[in-house]
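Engineer: Sequence:
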Amino acid sequence: MRDFELERYFSNWEFTAKYNLTASDIESMSISELLELASDKDRQEFNGQWLGYTETFGHPELLEEIAGTYDTINPDEVLCFAGAEEGLYTAMRVLLDQDDHVIVAVPNYQAAETVPSTICSVSGVPLDENDNWSLDIDRVKREIRSHTKLVSINFPNNPTGAVLDHDRFDALIDLCREHGLYLFSDEVYRLVEGDPSTRLPQAVDLYEKALSLNVMSKAYGLPGLRIGWIASKDKLLLTKMESYKHYLTICNSAPSERLAIIA
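For what it's worth, the working numbering labels the leading residue of the sequence shown as 218, then goes sequentially.
Heads up, a few of these hints could be off.
What the hints assert, rightly or not - Cross-link-like lysine-lysine pairs, in silico, PhoX-like; alpha carbons within 25 Å at most:
(1) Lys358 <-> Lys235
(2) Lys457 <-> Lys426
(3) Lys426 <-> Lys452
(4) Lys366 <-> Lys235
(5) Lys366 <-> Lys258
(6) Lys426 <-> Lys366
(7) Lys426 <-> Lys358
(8) Lys258 <-> Lys235
What the hints assert, rightly or not - Estimated spans, in silico, between C-beta atoms of each pair:
(9) Ser338 <-> Asn264: 28 to 36 Å
(10) Thr456 <-> Gln315: 30 to 38 Å
(11) Asn237 <-> Glu281: 30 to 38 Å
(12) Gln266 <-> Asp345: 47 to 55 Å
(13) Ser363 <-> Lys235: 49 to 57 Å
(14) Asp348 <-> Arg416: 13 to 21 Å
(15) Ser363 <-> Ile248: 18 to 26 Å
Worth flagging that the hints you see were computed from the coordinates, not collected in a lab.
Because the structure is a prediction, the values reported are computed rather than measured.
C-beta: ideal position from N, C-alpha, C; glycine also.
Sequences are here, hints too, so could you generate the full structure?
Structural biologist: Okay, structure coming up:
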């Protein structure tokens, strides 16, 4: 697997540069600052947090809080990870095999291309620079093959910040449904759109074969918690991803889960 070029760059400069002009998440805070926003009950529960292993799917209270950010998702349709990256990696490893084909909107978060490319064939569909970095749905359609299994998108887009308009988003979902394709929707920058009126629905609320990826890092400004998740209505798929997670982090950090519940 090739180097994650952005992370390689960050590892050299992110913690040594005087000013970081490359950050894409909102300003973070200290644990004490977060606890100041908590109720007395929340603070007591954090201070009394047992430091044993946690449930692989995630703390039940956390799953309930996450499910509440969707319109149609129940707590048992959410699987937590140690950040969004683990979720993306796990989903691709579980969903894909060497005979499959993936379509990725580009530019994108590098892992969205690199991880599936180590498993199967990948076709990139470039966003149109002359059309506000939008995605040409007809071009996506032309890339579909008999063995295409998944389309991967990232809106608001990393790195352009572009948001797909609602009509094209609906058209993409219709296209995936027509061909029985999974839609992997990286939604980690949702809620930080420059214009809230452009905000898209979360894909999992609209499509039964969608996987919606999110994390505490960007819109919530808490990357140090390393809490991400995937929401999906495919419970069998979530169970398979849970089994794969047993070979990765096994479970999340108990204090991080408690702080995420507070947030």
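Engineer: All the hints need checking, so say for each whether the structure fits it.
Structural biologist: Verification of the hints:
1. Lys358 <-> Lys235: 46 Å, violated
2. Lys457 <-> Lys426: With Cα atoms ~15 Å apart, Lys457 and Lys426 stay inside 25 Å; holds.
3. Lys426 <-> Lys452: 11 Å, holds
4. Lys366 <-> Lys235: Given that 25 Å is the threshold and the Cα spacing comes to 45 Å, the pair is violated.
5. Lys366 <-> Lys258: With Cα atoms ~46 Å apart, Lys366 and Lys258 exceed 25 Å; violated.
6. Lys426 <-> Lys366: Given pair Lys426, Lys366 holds - Cα atoms ~11 Å apart, limit 25 Å.
7. Lys426 <-> Lys358: 17 Å, holds
8. Lys258 <-> Lys235: 39 Å, violated
9. Ser338 <-> Asn264: 28 to 36 Å: Hint violated: Cβ distance 51 Å, outside 28 to 36 Å.
10. Thr456 <-> Gln315: 30 to 38 Å: 23 Å Cβ-Cβ, so the 30 to 38 Å window is violated.
11. Asn237 <-> Glu281: 30 to 38 Å: Between Asn237 and Glu281, where Cβ atoms are some 34 Å apart, the hint holds.
12. Gln266 <-> Asp345: 47 to 55 Å: 48 Å, holds
13. Ser363 <-> Lys235: 49 to 57 Å: 54 Å, holds
14. Asp348 <-> Arg416: 13 to 21 Å: Given range 13 to 21 Å: holds, Cβ gap about 19 Å.
15. Ser363 <-> Ile248: 18 to 26 Å: Violated - the Cβ-Cβ distance for Ser363 and Ile248, about 52 Å, lies outside 18 to 26 Å.
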